[in-house]
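The listed protein sequences derive, respectively, from chains A and B. If you read the first sequence in our numbering, its first letter stands for residue 1, the second for the next number, and so on. If you read the second sequence in our numbering, its first letter stands for residue 292, the second for the next number, and so on.
The hints are simulated quantities; they were obtained by calculation from the structure and are not laboratory data. In this text, a Cβ means the ideal position worked out from N, Cα and C, and glycines have one as well. Check each hint, because a few of them may be wrong.
Claimed, not checked - Stretch by stretch, here's where chain A covers chain B in the computed footprint (C-beta under 8 Å, at least three residues):
{"hint": "1", "segment": "325 to 335"}
{"hint": "2", "segment": "379 to 391"}
{"hint": "3", "segment": "397 to 410"}
{"hint": "4", "segment": "442 to 456"}
{"hint": "5", "segment": "516 to 524"}
As the list claims (entries may be wrong) - Chain A residues, not near chain B, derived (Cβ > 10 Å throughout):
{"hint": "6", "residue": "V8"}
{"hint": "7", "residue": "A70"}
{"hint": "8", "residue": "A176"}
{"hint": "9", "residue": "L186"}
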Amino acid sequence: MEISWDLVINAIVTGVVLGGFYASVAIGVTIAFGMLDIVNIAHPAFMIVGAYLAFLGWDQFGFDPFVSIAVFAPCGYVFGRAFYRAYHFFFERRGDESLQGLAFFFGILFIVEIGVVLVFGVDYRSLSEPYLESTIGIGFVSVPWRMLVPFLVGLVMLGCINLYLTRTFTGRTILAVSQDVEALRLIGANPIRANEIAFGIAVATAIIAGVLLIIIQPVEPSITREYIGRAFAICVLGGIASIPGTLVAALILGVAEALTTTFYGPSWSPAVSFGLLLLTLIFRPAGIFGR
Amino acid sequence: MLIFATMIFGAHINEYYYLATYTILQFVVLGTAWNILGGYGGYVNFGTAGFFAIGCYTTIVLNKIFPMPLFFEMLVAAVTAGLVGLGTGYLTLRLRGVFFSIATLALAIVLQTLIVNWSFVGGARGVYVIRPAISGMFISYVQFLVVLMIGLATFSVFVAWTVEKSWIGIGLAAIRDDEAAAETSGVPSLRLKLIATTMSGAIMGMAGAPFPFYVTYVDPATAFGLAIAVNSIAMPLVGGTAAWWGPVVGAILLGSAQQILTVTISSAANLFIVGILLVVFLTVAPRGVVGIARSLKQRRR
Numbered sequence: 001m002e003i004s005w006d007l008v009i010n011a012i013v014t015g016v017v018l019g020g021f022y023a024s025v026a027i028g029v030t031i032a033f034g035m036l037d038i039v040n041i042a043h044p045a046f047m048i049v050g051a052y053l054a055f056l057g058w059d060q061f062g063f064d065p066f067v068s069i070a071v072f073a074p075c076g077y078v079f080g081r082a083f084y085r086a087y088h089f090f091f092e093r094r095g096d097e098s099l100q101g102l103a104f105f106f107g108i109l110f111i112v113e114i115g116v117v118l119v120f121g122v123d124y125r126s127l128s129e130p131y132l133e134s135t136i137g138i139g140f141v142s143v144p145w146r147m148l149v150p151f152l153v154g155l156v157m158l159g160c161i162n163l164y165l166t167r168t169f170t171g172r173t174i175l176a177v178s179q180d181v182e183a184l185r186l187i188g189a190n191p192i193r194a195n196e197i198a199f200g201i202a203v204a205t206a207i208i209a210g211v212l213l214i215i216i217q218p219v220e221p222s223i224t225r226e227y228i229g230r231a232f233a234i235c236v237l238g239g240i241a242s243i244p245g246t247l248v249a250a251l252i253l254g255v256a257e258a259l260t261t262t263f264y265g266p267s268w269s270p271a272v273s274f275g276l277l278l279l280t281l282i283f284r285p286a287g288i289f290g291r
Numbered sequence: 292m293l294i295f296a297t298m299i300f301g302a303h304i305n306e307y308y309y310l311a312t313y314t315i316l317q318f319v320v321l322g323t324a325w326n327i328l329g330g331y332g333g334y335v336n337f338g339t340a341g342f343f344a345i346g347c348y349t350t351i352v353l354n355k356i357f358p359m360p361l362f363f364e365m366l367v368a369a370v371t372a373g374l375v376g377l378g379t380g381y382l383t384l385r386l387r388g389v390f391f392s393i394a395t396l397a398l399a400i401v402l403q404t405l406i407v408n409w410s411f412v413g414g415a416r417g418v419y420v421i422r423p424a425i426s427g428m429f430i431s432y433v434q435f436l437v438v439l440m441i442g443l444a445t446f447s448v449f450v451a452w453t454v455e456k457s458w459i460g461i462g463l464a465a466i467r468d469d470e471a472a473a474e475t476s477g478v479p480s481l482r483l484k485l486i487a488t489t490m491s492g493a494i495m496g497m498a499g500a501p502f503p504f505y506v507t508y509v510d511p512a513t514a515f516g517l518a519i520a521v522n523s524i525a526m527p528l529v530g531g532t533a534a535w536w537g538p539v540v541g542a543i544l545l546g547s548a549q550q551i552l553t554v555t556i557s558s559a560a561n562l563f564i565v566g567i568l569l570v571v572f573l574t575v576a577p578r579g580v581v582g583i584a585r586s587l588k589q590r591r592r
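Next up, chain B with everything else stripped away, as it sits in the complex (with noise of 0.2 Å):
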């Protein structure tokens, strides 16, 4: 908390630290959301980039032709990513899991391309965006984004807290564990699973529509980064899936390693390594760090 608070107030602090929050902090959502449908429900989506850059996309497009305080944009964000993820659910979960997977990594290229060819918004050329004026109690607009983020990540984390204890995430983890067996006992499967998938989306879709004032410059390149796919699946899978803190601790651990490994090694370096955690936690430790701590604590009963 300490550090937090003087990351935030402390006028000294060189701005690349609020940069790395600010990263960080966007993983911690992803993962977050990523964990609401594929750590609750047992459904892989490898789309994450796409509904990222749904919600990137929307405040571009909204700055253009209405602009609006950036909370106003993120709800329309959040609308628009949310109806894609329940529309991609409604047309592929009635399938096996497998395509669903499948069907969202199609999904975030078909959106990819679709950009790509709109002008409007820069096309395959990008576009640059305008950080508007900030407001009496902040120092910069990179600290008004942080403490935005903070917002987002304590929100996010609360949403999979409470789908974690309620009774749509006792119903998603008796799909997780035997789809069959749960419809017969009378759960609501396909609507739990549009639930879970709808507010994964919006999630996501939210977390991207603060990136353009971040970055200043958004091409369909980055939005659609590969680094997104990856780390809001690997954060989860690393830290774990079945607790609402698991993505958090992910997201903290190969988030602030990756800062690091940037700096200190390369980008490209830095990825192989999230690769090679990613495979060697899912091989020898696949419950993640939270598997990790229960086995830990049942130990020393």
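So that you can see chain A by itself, here it is in the shape it has in the complex (with noise of 0.2 Å):
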């Protein structure tokens, strides 16, 4: 077979681009998962409840999609501080978190899911604004607004959470808490406090993936299964609790996955990232930015 050249390079923009949105859903997880051991898989959960927001912000009120960004995303991080502290409250604090708390989180996913499904059906539901209607294009490659929105919403989340993260004290007691508890408590911070409000930006950031995926694409309820493999890949791949492997592994996902919808067809395209994710876990379970 000969390889169109021009389809390969409009493969690799997409995924790129694809892949700094792919990278806002999964810095959530590399904050719950990564820093706090928390095994958030209902991640995927609140980022459809994200999309439905945005969905509802627009069909009833007419709001743009950033608009729904600065009006759910606080909802979203006081949802999700209080949505720790239960989880500490009936789980971590009596030590349950393996087990029980894994299945929590799976209830929570499927009655988010089967909530929606009740809600608003299961057709699919999409937004538009004119801006996001036109496409740039430079020579055979083209990129539509749709998808570069997101893409660069993606990428300067990131980079904030990074400053957050490394410049402010809070944010450097969050990365502490990943490392050493103990030592966390002596110095006279609560880890308990940390986790809380680190757990509320990362409901937070899954709001903001939620309203980034309803710019991309049209969406319906059971797309958060797909979305738990692409977040958890990610993760992994990235080395679970750093912020640049996340980006870097968003990337080589969306690159993979627009190849292999370019040259195999979109129904090989779920496998893609659970495959990788598998493929990781056996042979470098550490990531490639891990130690």
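Dock the two chains into a complex; use the hints.
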């Protein structure tokens, strides 16, 4: 088979752009799973809530997606903090987080997915703004704004979180929790509070990622399952707790998926992320940026 | 017992009751199988639907190339699913338990994608299966399936009971409580986990093998259904993971509740209620019905 380089380059560009969005999905898992050791497999469920909130805001009040981010992300943050408190109270405190905690998040994922089905039905929902409908083209490569906006927002979000975690006191406390809880207690910081804030941020990123998702493509409830694979594949491949690793792994996955879709068809694309996840777990569980 | 007897041998019984009984028994098997690894060893398997589907598709493939009695198809399904369990376990059980859970989730989706793209077994469109003719003593094929499932449920509960009472169960419990401590005191943890994963996977595969004949039409969305993954986790956890009868109680409770709700409300609503029950039990009664029963017993003393 002769390889068409136009197609390859187009697929790589699409993949990179998609990867920037994937990074915004995975960053919340990197924070919750990598740094706080909370296996939040319900992350994509929070994302889908964000997507449907954006749809509701656009449909009912004419919210621009950026207005939705400004309105709903803080709500997600507050909810995330409350949610972590409940999780801590019921599971971490009892030392039950491994079996029961994992099943708990699975239950939440399931409840949210079915809840969305019951409220909105299984139809695809989408939103549209005039500026999202145009396309940028350079030579034979063309990228629609629909994909470029999530890419840029995702990159900005990752940059902000990286700055927050490395430059502020609370941010550094969160990083410290992931390394040595006892040492943190000795310097007088409260690890529970740090976890609570970090989980709030993680849920807020999920909401933002959801808004970005509905910008890219029409959304239906069972889409959560694909994103569990994507988010965890990226998180593990990136070395679990590393933000640069998350970005690089997201770009790798984006390109791998785009190439697969171009040359083998979209029916194989779910296998890419989960296959990558399995291969990473088998051959390099520490990830590319892991120690 | 009497109810069962009338259900099986009463010719006038509505076909619906057979189907409902079959579904509940199937969940007894799946919940019990899940509990061998999840409850005793503390390793959460999210991929029950994957193992179940391996069983389904083994039957479908065998039926196409080399038809044989269902019992032998179940054995082949058990071997296939057991080997997949062994392989997955071998590759990921050395890592932390969480990674095993995530890997099982991934396994189910990868298998589903393979089946969707495999046109020999119908691909995404699914495939019709013709029930074989029934032999002598049964009135209908569904009745035969129900009897078969009673046998399989008894068998799986027996296996779980044996595991629980044997050195395997004791070793697994030690792993669940503190894996590092168990290993230093000489528990061969990897080997025990592999045994449990293989057994658990094999029984899940066996539960899937008769399923094509039960529904007569199988597509990947049914075989890998979310309901299977969720129920097989919810039932042991609601019933209680510490004893062999926990998953049985959980399966009968949740299974019959769902049968009633499906008929009276809708199938989406009943799965919603299973999810709520799972979360409520995990937060309020993390030891399930078994835990409640045991604490009642202690209080009475």
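We went through each hint and held it up to the structure:
Judged by the Cβ-Cβ criterion of 8 Å, the segment 325 to 335 of chain B is covered by chain A as claimed, because 3 of its residues qualify and three suffice. Here's how the segment 379 to 391 of chain B fares: 6 of its residues keep a CB closer than 8 Å to some CB of chain A, so the rule of at least three is met and the hint holds. With a threshold of 8 Å between beta carbons, the proposed coverage of the segment 397 to 410 of chain B by chain A holds, since 9 of its residues qualify and at least three are required. Check result for the segment 442 to 456 of chain B against chain A: violated, 0 residues qualifying (beta carbon to beta carbon below 8 Å, three or more required).
With 3 residues having a Cβ less than 8 Å from any Cβ of chain A, the segment 516 to 524 of chain B passes the three-residue criterion, so the hint holds. Residue-level check passed: V8 of chain A sits 22 Å from the nearest beta carbon of chain B, beyond 10 Å. With a closest Cβ-Cβ approach of about 31 Å to chain B, A70 of chain A is found to remain outside the 10 Å limit, as its non-interface label requires. For A176 of chain A, the shortest C-beta to C-beta distance to chain B comes to about 21 Å, beyond the 10 Å cut-off, and the non-interface label holds.
No Cβ of chain B approaches the Cβ of L186 of chain A within 10 Å, the least distance being about 24 Å, so the stated non-interface status holds.
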